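Enquirer: Listed below are the residues making up each chain.
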Amino acid sequence: MGRMSPPDGDIAVFLHCLQAVCGELLANEAELSALDRAIGDGDHGANLCRAAHALLEAADDLSSLPLPKALERAGMLVVTSVGGASGPLYGTMLMALGRAWPQDATAGAVADVLEQAMEAVGRRGRSTVGEKTMLDVLVPAARAFRESVASGSLGAALQAMVDAADSGLAATRPMRATKGRAAYVGERSIGHLDPGAASARLCLRAVARVLCESGSKELRS
Amino acid sequence: MKTRVGLVIVSHSSDVARGVADMVRQMTGEEIAVAWAGGNPAGGLGTDVKKIVAAIESVWSPAGVAVFVDLGGAETNSEMAVEMLDASKRERVVICNAPLVEGAIVGAAEAASGSDLQHVRKAAEEFLRT
Ligand SMILES: [Mg+2]
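Chains as they are written, first to last, in the working numbering: chain R, 1 to 221; chain A, 222 to 351.
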């Protein structure tokens with residue numbers, strides 16, 4: 001399997017991903033806030049939209065940076081714009097990706113870095129899979145991507161990632177929240193999807209869509 | 222005079238953060254430095270890493286800073302803020318696992334008496350458990 005994209009195309013692909021993710025967040029603000037309103041404080045959509053606006057505003061600046069720096073900088077923008085716990089969590093993910101981004105960005109190397117970044121998110125939130133958080137999507141999605149990329153095409157690995165994100169989100173519904181604002185509603189959190197898991201799935205889907213479209217020619221070979 | 226531990230109050234609400242800082246000042250007067258950070262970057266409910274960093278910097282001294290937080294995101298954003306400080310300052314800032322109002326008052330009283338950072342934290346964290 002080849003690189004995720006040609007070296008000079010990395011930043012262009014990153015920008016496409018960024019735009020797709022931000023577009024997805026802006027389009028789903030109401031839904032994310034509605035999920036958060038059911039078990040939290042109802043600000044998840046607005047919080048992530050602030051991040052999306054900050055990222056889109058900085059897109060030109062980011063595109064002048066090498067990819068690892070752009071990822072780190074994007075992470076810092078998320079941290080400073082969100083205002084809720086999801087800021088440090090998503091910010092940590094991006095910064096961890098940037099810090100560990102492989103020089104030779106093969107799909108396999110990126111898969112390892114992705115999984116490590118999800119572990120960094122878990123450490124930041126002192127949380128783990130099964131606690132009704134974004135980790136219930138991020139961790140299985142990264143694992144599915146790594147496992148699938150080892151044996152199949154990038155397209156198949158992205159599909160596996162998206163499928164794992166879908167089932168990870170669905171799995172949060174029967175869970176009882178023990179982390180974040182939803183922990184305060186305790187039993188009443190059961191039966192609702194976790195808003196962080198929902199936003200994580202949206203983001204991963206947007207990235208997968210861009211990578212399938214833009215990278216497939218190089219990557220399927 | 223020996224420098225005292227400073228306090229930072231972090232709340233989702235700027236009214237709560239300012240109010241708790243006022244209560245601390247009423248008790249301790251000018252004996253210790255108190256700063257607050259409340260509200261998200263857009264001015265709504267939430268917390269703002271940059272404001273927390275600025276609040277810590279504003280009361281920082283080698284005696285250290287005790288940070289008091291309300292709910293989840295305030296803690297996560299405060300941890301992020303501490304990591305953004307210079308390494309030399311970082312180890313002299315603690316986030317107390319204590320109720321915001323009671324913890325800040327107990328911590329402030331302890332700091333005003335001249336106790337060091339670890340004792341301020343311990344007093345705040347243990348107050349409600351005794
Ligand atoms: Mg919320």
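Honestly, the hints are just simulated from the structure, not real lab data. Here the structure is a predicted model, which means the values were calculated and not measured. Just so you know, not all the hints are guaranteed correct.
What the hints assert, rightly or not - Distance condition first, Cα-Cα at most 30 Å in a straight line; then the derived DSS-like pairs of lysine-lysine: (1) A:Lys343 / R:Lys69; (2) R:Lys69 / A:Lys310; (3) A:Lys310 / A:Lys271; (4) A:Lys271 / R:Lys179.
Enquirer: Confirm or reject each hint.
Expert: Structure-based check of each hint:
1. A:Lys343 / R:Lys69: violated, 40 Å
2. R:Lys69 / A:Lys310: Distance ~25 Å between Lys69 of chain R and Lys310 of chain A Cα, so the pair holds.
3. A:Lys310 / A:Lys271: holds, 16 Å
4. A:Lys271 / R:Lys179: holds, 24 Å
Checked against the numbered hints given earlier, the structure breaks only hint 1 and satisfies all the rest.
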